[in-house]
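Undergrad: Top line first, the protein sequences correspond to chains L and E. Under the working numbering, think of the first position of the first sequence as 1, with each following residue one higher. Under the working numbering, think of the first position of the second sequence as 1, with each following residue one higher.
Worth flagging that the hints you see were computed from the coordinates, not collected in a lab. Every value quoted in this text rests on a predicted model; they were computed, and no experiment measured them. Yeah, the Cβ is synthetic: ideal placement off N, Cα and C, and Gly gets one too. Keep in mind that a hint or two might mislead.
Claimed, not checked - Some chain L residues well away from chain E (every beta-carbon gap over 12 Å; in silico):
no.: 1; residue: Ser29
no.: 2; residue: Gln30
no.: 3; residue: Glu37
no.: 4; residue: Val58
no.: 5; residue: Arg64
no.: 6; residue: Arg80
no.: 7; residue: Asn83
no.: 8; residue: Trp89
no.: 9; residue: Leu166
no.: 10; residue: Val171
no.: 11; residue: Trp228
Unchecked claim - Calculated pairs, EDC-like style, for lysine to aspartate or glutamate (alpha carbon to alpha carbon, straight line, at most 20 Å):
no.: 12; chain 1: L; residue 1: Lys212; chain 2: E; residue 2: Asp94
no.: 13; chain 1: L; residue 1: Lys71; chain 2: L; residue 2: Asp88
no.: 14; chain 1: L; residue 1: Lys71; chain 2: L; residue 2: Asp90
no.: 15; chain 1: L; residue 1: Lys139; chain 2: L; residue 2: Glu122
no.: 16; chain 1: E; residue 1: Lys97; chain 2: E; residue 2: Asp86
no.: 17; chain 1: L; residue 1: Lys139; chain 2: L; residue 2: Asp205
no.: 18; chain 1: E; residue 1: Lys97; chain 2: E; residue 2: Glu199
no.: 19; chain 1: L; residue 1: Lys139; chain 2: E; residue 2: Asp86
no.: 20; chain 1: L; residue 1: Lys67; chain 2: L; residue 2: Asp88
no.: 21; chain 1: E; residue 1: Lys159; chain 2: L; residue 2: Asp88
no.: 22; chain 1: L; residue 1: Lys67; chain 2: L; residue 2: Glu35
no.: 23; chain 1: L; residue 1: Lys212; chain 2: E; residue 2: Glu199
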Amino acid sequence: MAEVAESPADRGTASPRPLFAGLSDISISQDIPIEGEITIPMRSRSREFDSSTLNESVQNTIMRDLKAVGKKFMHVLYPRKSNTLLRDWDLWGPLILCVTLALMLQRGSVDSEKDGGPQFAEVFVIVWFGAVTITLNSKLLGGNISFFQSLCVLGYCILPLTVAMLICRLVLLAEQGPINFMVRLFVVVVMFAWSIVASTAFLADSQPPNRKALAVYPVFLFYFVISWMILTFTPQ
Amino acid sequence: MAAADELAFHEFEEATNLLAETPGAATTSRSDQLTSPGHVAVAVGSGSSYGAEDPEEEEGDRTALLQEEKPQPGFWTFGYYQSFFDVDTSQVLDRIKGSLLPRPGHNFVRHHLRNRPDLYGPFWICATLAFVLAVTGNLTLVLAQRRDPSIHYSPQFHKVTVAGITIYCYSWLVPLALWGFLRWRQGVRERVGPYSFLETVCVYGYSLFVFIPTVVLWLIPVPWLQWLFGALALALSAAGLVLTLWPVVREDTRLVAAALLSTVVLLHALLAMGCKLYFFQPLPPEQVAPPAHVTSVVLHTQLPPTVARSVATS
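The shape of chain L in the complex, shown without the other chains (with noise of 0.2 Å):
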């Protein structure tokens, strides 16, 4: 919507003149009105980028945020002590992580609901409240590490676990047995050891250095919780 600054010359109910003759001879004796609109040239540039966002397609905008998502599921896989994931937190890897954890953990409801596996509410409870009361915990601690990091942070490192979870329910596709058992119980482990340290290269820095493990123990506690809740998967 950028416009330029209209003489009244160029109004359309005045009588056509060619642009600025006779400027010269103009004797301002009465009062021109002028209209127009002054646009300073750098704003309109970000109103069109603003636009430009809002008109591009929908693939463009679910791939920005799907090459996001996998960045730092990336960065989560092969942890470095890098600040992708604390600068520019989202998370909606969390939630997908989250969802296909919890969708992945229920069984069928054939059995009687008492003495089942965690449901999905169940699930979803855990790791959502799990997770803010490790940063709220690390926040009174003295942390300096803001909300949201923090819970973007404890999100993404459930990735490995889900992994787990995906190739317990392969390796349960098997036949049953003592060595079915084993190969999960060491798949969870290595899983559960690999998603520790992932979030403790992260996390660990915000701490002062006396109570780093005050911080750190319950992030321990809240992976172990949710390597039983996959060890402990059986189908029905």
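The hints should help you fit chain E onto chain L, whose structure is shown.
TA: Same frame as chain L, but now just chain E:
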């Protein structure tokens, strides 16, 4: 610095004895200025790695002094709750050690809490205990199913909820009742100085820590050993509670003191036994319904030692 440490050590003993005799004396801020948490650790005897932390301890002294002078923030601010998490790893470990080994001369609240209760310990010890109870209770079901395949294994996830609610209610409601009762008696006797509510919660929270290894040891499927471990844990935990409450209660009439202490021990014993019976009772099989205790005894004796060892090492 060794001479200064020696002087500070003796001073600390006198101050703590004075405090223990007259718990109502308004010397909390003075006592905090006389010693620092680092010296507390030295006094308790766990002085393994504190020599290297002297500059940090001095800074802790200064910040502790400064904190004492600041007014308490309102309960609607974040800083208010942050003051309850103002503990270091070494302090938490020291408090846990103090609750595991109660000594008659050392009052837990005066020596270990130093009148600065924290909420980190009680909260996370209760959470750990709730999850460990549910997990090991499920593990005994796995062990029972190994021997008797007719037992239907299920993850029993509802036990996590039950365990959590029980432990948290116990560790918050019982200290509330105890604190209320002590305040009422304080009003009757016109003495100052029962513990504050948070200190009572702290005492109960840290006293539950001894049950965590006990619950793990309850996996061993030998019944008399399980009861032995349970009794040992209960004795340690209740001793800690009684020794902490004794200085407050001994001024009262004998009847009230005896009643209060026996109620505290009884509630603790009820919690321990309830956990043992509820979480470690294997379910009877669905088709046959023998009495539950007969089933558990039969299953425990059927487990041969070799299978138990191989399962324990897996």
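Undergrad: Please go over all the hints and tell whether each is borne out by the structure.
TA: Okay, the hints, checked on the actual structure:
| no. | hint | result |
| --- | --- | --- |
| 1 | Ser29 | holds, 68 Å |
| 2 | Gln30 | holds, 65 Å |
| 3 | Glu37 | holds, 47 Å |
| 4 | Val58 | holds, 39 Å |
| 5 | Arg64 | holds, 35 Å |
| 6 | Arg80 | holds, 26 Å |
| 7 | Asn83 | holds, 25 Å |
| 8 | Trp89 | holds, 20 Å |
| 9 | Leu166 | holds, 19 Å |
| 10 | Val171 | holds, 16 Å |
| 11 | Trp228 | violated, 6 Å |
| 12 | L:Lys212 to E:Asp94 | holds, 16 Å |
| 13 | L:Lys71 to L:Asp88 | holds, 11 Å |
| 14 | L:Lys71 to L:Asp90 | holds, 12 Å |
| 15 | L:Lys139 to L:Glu122 | violated, 25 Å |
| 16 | E:Lys97 to E:Asp86 | holds, 18 Å |
| 17 | L:Lys139 to L:Asp205 | holds, 13 Å |
| 18 | E:Lys97 to E:Glu199 | holds, 17 Å |
| 19 | L:Lys139 to E:Asp86 | holds, 11 Å |
| 20 | L:Lys67 to L:Asp88 | holds, 13 Å |
| 21 | E:Lys159 to L:Asp88 | violated, 39 Å |
| 22 | L:Lys67 to L:Glu35 | violated, 47 Å |
| 23 | L:Lys212 to E:Glu199 | violated, 24 Å |
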